[in-house]
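K.L.:
With the hints as constraints, model all of the structure from the sequences given.
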Amino acid sequence: MVSIYVDGIVVRVSIPQSVELMAGRVDEMLLVSESALRDAQAELTTELGITVEGAAAASWAGALQRPVEGGAALLIITGSNV
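In this note's numbering, the protein residues as written are 18 to 99.
Just so you know, these hints were derived from the structure itself, not from any lab. It cannot be assumed that every hint is accurate.
[Unchecked claim] Across the chosen pairs, the derived CB separations fall in these ranges: (1) Ile93 to Ala40: 17 to 23 Å; (2) Ala90 to Val27: 21 to 27 Å; (3) Val30 to Glu64: 19 to 25 Å; (4) Ala59 to Glu37: 32 to 38 Å; (5) Ala89 to Asp24: 26 to 32 Å; (6) Thr62 to Gly41: 32 to 38 Å; (7) Arg83 to Gly25: 29 to 35 Å; (8) Pro33 to Pro84: 27 to 33 Å; (9) Met39 to Arg83: 27 to 33 Å; (10) Leu38 to Gly66: 18 to 24 Å; (11) Gln34 to Leu81: 27 to 33 Å; (12) Leu92 to Ser52: 18 to 24 Å.
For clarity, every value in this text was computed on a predicted model and none was experimentally measured. Beta carbons: idealized from backbone N, C-alpha and C, even for Gly.
P.N.:
Written out as structure tokens, the structure is:
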């Protein structure tokens with residue numbers, strides 16, 4: 018079942034050209050749970066005052082799940098279609 022909570026990042030079928038463009042640019046992809054997305058969304062709002070939709074919290078949820086070795090990361094958090 019597809020979650021409506023993160024419909025901004027859900028796709029039924031990936032676009033081959035998009036997958037090809039990721040080669041050499043994307044180091045790793047993580048799967049995070051819906052509860053981790055909800056927790057990340059709540060933390061962004063509570064701690065930073067950033068109101069984002071569930072899909073926008075995905076990068077933060079991933080960073081919380083697996084911190085980057087060395088501690089430096091760039092996250093793009095966008096989407097306020099709440």
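K.L.:
Determine for every hint whether it applies to the structure shown.
P.N.:
A quick look at each hint next to the structure:
1. The hinted range of 17 to 23 Å is satisfied by Ile93 and Ala40, whose Cβ atoms lie roughly 19 Å apart.
2. Checked against the given bound of 21 to 27 Å, the beta carbons of Ala90 and Val27, roughly 24 Å apart, stay inside it.
3. The hinted range of 19 to 25 Å is not satisfied by Val30 and Glu64, whose Cβ atoms lie roughly 36 Å apart.
4. Distance hint for Ala59 and Glu37: a CB-CB separation of about 36 Å, consistent with the stated range 32 to 38 Å.
5. Hint check: Ala89 to Asp24, Cβ distance near 31 Å, so the stated range 26 to 32 Å holds.
6. In this structure, Thr62 and Gly41 meet the distance hint of 32 to 38 Å, their C-beta atoms being roughly 35 Å apart.
7. In this structure, Arg83 and Gly25 break the distance hint of 29 to 35 Å, their C-beta atoms being roughly 22 Å apart.
8. Pro33 and Pro84 have their C-beta atoms about 32 Å apart, which keeps the hinted 27 to 33 Å range intact.
9. Judged by the Cβ atoms, the range 27 to 33 Å given for Met39 and Arg83 is violated: they are separated by roughly 18 Å.
10. The hinted window of 18 to 24 Å between Leu38 and Gly66 is violated, with their beta carbons roughly 34 Å apart.
11. A hinted range of 27 to 33 Å holds for the C-beta pair Gln34 and Leu81, which are about 31 Å apart.
12. Roughly 20 Å separates the CB atoms of Leu92 and Ser52, a value that falls within the hinted 18 to 24 Å.
Of the numbered hints stated above, those contradicted by the structure are hints 3, 7, 9 and 10, listed in ascending order.
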